[in-house]
Amino acid sequence: MRRSIPVSVSKLMPPRGFLFTFGLSITLVVLFLAAFGELIAPYDPREATTAIGAPPPPLLEWPNLLFRQLSGQLETAPHWFGTDFYGLDVFSRVISAPRTDVSIALGGALFSLLLGTALGLIAGFFRNWLTGLLVRTSDVLQSFPVFITAMVLVALSGRHTGNIIFALCLVYTPIFLRLTRAEVMGQSRRGYVEAARAAGVPPWTIAVRHVLPNSLVPALIQLSVTIGFAIILTAGLSFVGAGVRPPTPEWGLMISQGAGDLNYGWWWPSVFPGLAISLTVLGFASLGHVLEEQFR
Amino acid sequence: MIRYVAMRLGIAVLQLMALAVVVFFLIRLMPADPVARLVGLNASADAYAQSERALGLDKSVGEQFIAFLGFGEGRGLLQGDLGRSWVTGEPVAAELMRSLPITVEVVSLALFVSLLIAIPVGLIGAARPNGLVDRGAFMWGLFAGAQPDYWWGLLFILIFAFTLGIAPAPLGRMDPLIIPPDPITGLVLIDSLVQGRLDIFVSALHYLALPVLTMVFTVSGAIVKMIRQNTARALNSDYVLYARACGLSERATARYALRAALTPTVTLIGIFFGILLSAAVTVERVFSLNGVGQYSVRAILDFDYPAIQGAVLAVAMVALLVYLLMDIAHAALDPRIRE
Chain L
1 MRRSIPVSVS KLMPPRGFLF TFGLSITLVV LFLAAFGELI APYDPREATT
51 AIGAPPPPLL EWPNLLFRQL SGQLETAPHW FGTDFYGLDV FSRVISAPRT
101 DVSIALGGAL FSLLLGTALG LIAGFFRNWL TGLLVRTSDV LQSFPVFITA
151 MVLVALSGRH TGNIIFALCL VYTPIFLRLT RAEVMGQSRR GYVEAARAAG
201 VPPWTIAVRH VLPNSLVPAL IQLSVTIGFA IILTAGLSFV GAGVRPPTPE
251 WGLMISQGAG DLNYGWWWPS VFPGLAISLT VLGFASLGHV LEEQFR
Chain A
1001 MIRYVAMRLG IAVLQLMALA VVVFFLIRLM PADPVARLVG LNASADAYAQ
1051 SERALGLDKS VGEQFIAFLG FGEGRGLLQG DLGRSWVTGE PVAAELMRSL
1101 PITVEVVSLA LFVSLLIAIP VGLIGAARPN GLVDRGAFMW GLFAGAQPDY
1151 WWGLLFILIF AFTLGIAPAP LGRMDPLIIP PDPITGLVLI DSLVQGRLDI
1201 FVSALHYLAL PVLTMVFTVS GAIVKMIRQN TARALNSDYV LYARACGLSE
1251 RATARYALRA ALTPTVTLIG IFFGILLSAA VTVERVFSLN GVGQYSVRAI
1301 LDFDYPAIQG AVLAVAMVAL LVYLLMDIAH AALDPRIRE
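Residue numbers (my numbering), protein chains in the order written: chain L, 1 to 296; chain A, 1001 to 1339.
Simulated from the structure, these hints should not be mistaken for laboratory data. We put the beta carbon where it would ideally sit given N, CA and C, even for glycine. Hints are supplied without guarantee of correctness; some may be wrong.
Each pair of labels, with its calculated beta carbon distance range [as the list claims (entries may be wrong)]: (1) Gly-1247(A) <-> Val-208(L): 26 to 36 Å; (2) Trp-129(L) <-> Leu-1321(A): 46 to 56 Å; (3) Phe-1160(A) <-> Leu-279(L): 15 to 25 Å; (4) Leu-1301(A) <-> Gln-142(L): 20 to 30 Å; (5) Arg-189(L) <-> Ala-1252(A): 52 to 62 Å; (6) Trp-1140(A) <-> Gln-142(L): 33 to 43 Å; (7) Phe-126(L) <-> Asn-1236(A): 35 to 45 Å.
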C-alpha cells in the first residue's frame, strides 16, 4: 500500500536565502568539529602550556601568522584565542568542546524526539485512560522549572555525560509528545485513515505505517530548535558547576572559569567560548526557522 | 467570578502538593549519598551511622515521607515547616524568606522593562507587517532568543563595569558598604522607599541595572513576537472587519483590536515570569545575587535535601501564584474565560 504524502513537491526543494545558508554552514562546521575538533586542535585541550594568560594576537597580524604557520615557519602554533589562567590554549579548547556540548545536546534532543514521537503517536491514536494519564504526567513534567530540574537530576545522579543526556530527555520529551499527539489527532480524522480502517488494516499498522509518517513534520522542525536550547542548557549546567567536570573542554565550563579571569582584564578566556555558543545556537535556530517557514 | 477564583486556587494547591510529593521521591530515587557528602569519604563507620541518624536517613523512605508531611511527632509541610538545612542548620523557610524576594525583585523588574519595550514594538510590527520595525524585531527575536544569558551578563559586566565604568562591579544588589534597610517586604527597592532612604534606592537601582538588562536582552525578543502575533490576529479578525464595515474611524477600530490583542498578553506575563525564574539561576550566579537561584545551586551541589525541596517548592509556588493572578486578571478582562 502506498503512503500518502501531504507535502507538495515544491516544498521538498531545498530552501534558499541567507538564513538557510548561514544555519546550514554553522551546523555543518559544528558537526565537523564534534567529530574532528580535538584532532585538528593545535594544542592538547587538557594540557597546560607555559604561557599563562597570554592575550590573542592582534587581529591585523592574523593573516601573516596564519601564512607563516601553514608554511611551517613557526616552531609553535600561535595561541589564536590566547591562553587562560592555567595556560590552557583557548582556541584548542573552543574547537574541541563540540565533542561534549554538541554530542550531549544532539543525544538529548534525538532521544527526546524518538521517545516523544512514539509516546505522542500512542497517546494521540489510542485514546483511553492510560494514555490520558501519560499526557497528564507529561504536563506536570513540563510545568517544572527546567533549569532546576535538570540540575537536580544531573547533580544527584552523578555528573556524567549519560546522566546529562537523560536529564535533557526528561525535560524535552514532553514537548515532542505534545506536538506529535496534536498532529496525530488531526491526521486521525483524515479520510485515508478511515479508508485504511474500512479495508481492515489493523490499528497498529495504520498508526505506524500511515499516521506516523504524516505526523512527523512538527517534531522534526522542533528538533533543530531543541538542539540549540539543549546546548545552552548543557553549557549552563556546567557554568553553575552541575555539568561535566574540568578539565573537559566544554564551553560553559570555560565561561565559568574565564569569568574569574575578567578581574585581571583577561577577556579572551570567557568571550571566545561564549561566542561559540552564541553562533552555534543561532545557527540551529535559523535552520529551525527556515524549515518551519518551508513546511508549515 | 468568585467560584472561578476558588476553583483555580484549589487546583494550584493540589499542583503544589503533587509537586512536593514528586520532588521528595525524585531526589531519594537518585543514587546520591548525602551522608558521605556531609561527613567526608574518610569518616569512620560510626561517624557515618551517627550522621545518618541525625539526618533521619536511617528510617525508611515511607517514615521519612510521613515526617516530611508532618504527620509524625515533629512539624512538617502541613504545618508550613520545610525542615532545617543539613548544611547551615537554619530553618529552610527562613533562608528562603531572605533569598526569594531578591529573585522576585529582579525578575519582576526585568519583566516590567521588557513589556515597556515589547508592547509598542509589537504593536507597530503588527500595524505595519514587513515594515522596518517588524523585520528588525523579527531578526532581534531570532538572535536574542538563541543567546546564553550567563555569557551576555559577563559581556555587560566587561563593557559597562570594567571598561566604561558606568555600572558597579557585580557584587550583589546594592553597595556592599550600605547597611541594608530593615526588611519589610524584602524587596529592597520598596523597603528603601517606604523608609525614605533614597540613597539605598538609587544604589539598588544602579546595582540591579545590569542583571535586569541581561534578562531583558534575552527575553524581550520572544515577548515582542507573541504580542505581534496576537495583535495581527486581532487585526485580521471578523470583528475588526465588521467595525470597519460599519464605518468606524481607524482610531475606534484600533481601540477594539488593541483590547482584544492585549488581553492574551496578560497570560503571557505569567509564562514569561516562569521562564525568567529559571533564567535567574544563571544570571544570579553572574552578578553574585543571593537569590533563590543561587540558593538552589548551593543546595543541589551540597545534596542538602530539605533545602532542595524548599527551593523547588518556593519557585513553583511563586510561578503558580503569578499564573493564578494573571488568569484572574484575564478572566476579569475577558468574560468568556469564566464560563
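How does the Cβ-Cβ distance of Trp-129(L) and Leu-1321(A) compare with 46 to 56 Å: does it lie in that range? violated, 31 Å
Please check whether Phe-126(L) and Asn-1236(A) have a Cβ separation lying inside 35 to 45 Å. holds, 37 Å
For Trp-1140(A) and Gln-142(L), compare the CB-CB distance with the range 33 to 43 Å and indicate the outcome. With Cβ atoms ~27 Å apart, the hint is violated.
For Leu-1301(A) and Gln-142(L), compare the CB-CB distance with the range 20 to 30 Å and indicate the outcome. Check passed, 25 Å falls within 20 to 30 Å.
Status of the given 15 to 25 Å range, CB of Leu-279(L) versus CB of Phe-1160(A): At 23 Å between Cβs, range holds.
Using the Cβ atoms, figure out if Gly-1247(A) sits within 26 to 36 Å of Val-208(L). 56 Å Cβ-Cβ, so the 26 to 36 Å window is violated.
Pairwise beta carbon distance, Arg-189(L) to Ala-1252(A), judged against the given window 52 to 62 Å: Between Arg-189(L) and Ala-1252(A), where Cβ atoms are some 41 Å apart, the hint is violated.
Hints 1, 2, 5, 6 from the earlier list are contradicted by this structure; the remaining hints agree with it.
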